[in-house]
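> Chains as they are written, first to last, in our numbering: chain F, -9 to 240; chain A, -9 to 240.
No false leads were slipped in.
Dumping the calculated SDA-like pairs for lysine to any residue here, alpha-carbon to alpha-carbon at most 20 Å:
| hint | chain 1 | residue 1 | chain 2 | residue 2 |
| --- | --- | --- | --- | --- |
| 1 | A | LYS163 | A | LEU150 |
| 2 | F | LYS238 | A | VAL234 |
| 3 | A | LYS238 | F | ALA237 |
| 4 | F | LYS159 | A | ARG90 |
| 5 | A | LYS159 | A | HIS197 |
| 6 | A | LYS163 | A | GLY148 |
| 7 | A | LYS163 | A | HIS197 |
| 8 | F | LYS238 | A | VAL62 |
| 9 | F | LYS238 | F | SER17 |
| 10 | F | LYS179 | F | ARG136 |
| 11 | F | LYS159 | A | LEU187 |
| 12 | A | LYS159 | F | GLN161 |
| 13 | F | LYS159 | A | GLU160 |
| 14 | F | LYS163 | A | ASP191 |
| 15 | F | LYS159 | A | LEU158 |
| 16 | A | LYS163 | A | ALA184 |
| 17 | F | LYS70 | A | LEU233 |
| 18 | A | LYS159 | F | LEU156 |
| 19 | F | LYS163 | A | SER190 |
| 20 | A | LYS159 | A | LEU193 |
| 21 | F | LYS163 | A | LEU158 |
| 22 | F | LYS163 | F | ASP188 |
| 23 | F | LYS70 | F | ASP208 |
| 24 | A | LYS163 | F | HIS197 |
| 25 | F | LYS238 | F | LEU18 |
| 26 | F | LYS179 | F | THR212 |
| 27 | A | LYS70 | A | PHE133 |
| 28 | F | LYS238 | F | ARG63 |
| 29 | A | LYS163 | F | LEU187 |
| 30 | F | LYS163 | A | LEU187 |
These aren't lab readings, by the way, just hints derived from the structure by calculation.
2 protein chains.
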Amino acid sequence: MVVELTTLNPASGEPAISHIRAALARSLHVITANKGPIAHAYAALAQDARRAGVEFRFESTVMDGAPVFNMVRHNLPGCKIRGFTGVLNSTTNVVIDAMRSGRTLDEGVEEAQRIGIAEADASFDIEGWDAAAKTAALANVLFDARVTPLDVGRRGIGRLTPERVLELKEQGKTIRLVSRARVTPNGTKLRVRAEVLDESDVLAAVHGTSSLLLLDTDLMGTVGTVEINPGVHQTAYGVFSDLVDIAKAL
Amino acid sequence: MVVELTTLNPASGEPAISHIRAALARSLHVITANKGPIAHAYAALAQDARRAGVEFRFESTVMDGAPVFNMVRHNLPGCKIRGFTGVLNSTTNVVIDAMRSGRTLDEGVEEAQRIGIAEADASFDIEGWDAAAKTAALANVLFDARVTPLDVGRRGIGRLTPERVLELKEQGKTIRLVSRARVTPNGTKLRVRAEVLDESDVLAAVHGTSSLLLLDTDLMGTVGTVEINPGVHQTAYGVFSDLVDIAKAL
Chain F
-9 MVVELTTLNP
1 ASGEPAISHI
11 RAALARSLHV
21 ITANKGPIAH
31 AYAALAQDAR
41 RAGVEFRFES
51 TVMDGAPVFN
61 MVRHNLPGCK
71 IRGFTGVLNS
81 TTNVVIDAMR
91 SGRTLDEGVE
101 EAQRIGIAEA
111 DASFDIEGWD
121 AAAKTAALAN
131 VLFDARVTPL
141 DVGRRGIGRL
151 TPERVLELKE
161 QGKTIRLVSR
171 ARVTPNGTKL
181 RVRAEVLDES
191 DVLAAVHGTS
201 SLLLLDTDLM
211 GTVGTVEINP
221 GVHQTAYGVF
231 SDLVDIAKAL
Chain A
-9 MVVELTTLNP
1 ASGEPAISHI
11 RAALARSLHV
21 ITANKGPIAH
31 AYAALAQDAR
41 RAGVEFRFES
51 TVMDGAPVFN
61 MVRHNLPGCK
71 IRGFTGVLNS
81 TTNVVIDAMR
91 SGRTLDEGVE
101 EAQRIGIAEA
111 DASFDIEGWD
121 AAAKTAALAN
131 VLFDARVTPL
141 DVGRRGIGRL
151 TPERVLELKE
161 QGKTIRLVSR
171 ARVTPNGTKL
181 RVRAEVLDES
191 DVLAAVHGTS
201 SLLLLDTDLM
211 GTVGTVEINP
221 GVHQTAYGVF
231 SDLVDIAKAL
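Turn these sequences into a full structure, and let the hints steer you where they fit.
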């Protein structure tokens, strides 16, 4: 068994992809908390795992240890996932809520860095790359979409101003960086966009490090997972839950 | 296998409890969508099932087929559930949202009856008995609480007025009938109450027939399930998912 938790280049998913490939080639089960390999190379890695007759798990890559992939695996038998909607990036939540209290984008980014959720180069979050990587990872696993983050139509919050956020607040509205995916006869449509939402929208109710994913299914309607204010322990728990799940399947 | 879906007396859980007891006595697996037996007699029925060496499943009793009991069973290994918070009654959501648009409680109840979610005697919903039954069922299964709906501190929305709801709206607040449970050294604390919430609260974002349950866990923090605008098909799906789960375990 290999548990792959190395730091990686988010633009390529390396060296995590090579680590995982090497482990699968040795017929070792693999658990990773890195979304890069799932966003860039899921189909090939899943095929390697099947050929080797081993398990490849990655619950922590989206929403930490909250059940996403394992929910679909265990709790939605016979359901086809037709699309999803999610608020999956914490830094933009923190920045938008900071703007609602009159602060600037930069001050919001500093707050996100202080609480340890934003990268030193926050543009990865602000321009929607982090959300695009999660969107691609979900689409690759849930729809066999065979996409990368570059295939996600992406528009971040970089040009959003406190004035605009406060103007929306007056109208009972707010902004969230929303990931949307939909399976269509012409392929998978994927996008990440700063969307204007009513404050009463469940997507607007996601604050701070919380996140929410709604799955659009054929049999079970719209059903989802929510995670409130997780920390690093909840990422570790996702790895642990994969470990237990593999042990049960042996 | 017996699938128990009969109409029942919510105050006693009968005749569903007797049906289930009779099936378990014949060593048949049982699936029910009736919350009465889980709210009134879970510990005894679960013991009967264990003795008979059969499965007893009830995913649809809370939040239809959205993963609640099966999420805890399959996706939260090693987690201890320390409490929960939920918005689990649809009729009160509809009534409160009606009041926010200036209508009366009775007009809200009529709307809930028209869309088919309220009983002919809506007081079961309005006075919080439905939410109390779901709260007791969750506590019985998740904490082995051995309670009935009568053990849930209960205060419904019967005395709520449109004036009060509109006054709260002016302040950016709203009301939800919230179920809360907490395991303490002195036993399980359970309550159902109309709570004043900020509009930005995730509990306030539950509208119509949607529902939300947040579990407070030791290892995975606060994690939950959300279901958006389900209908009767989603109740049926919960029975189906239990059926598949039992078949897998055989």
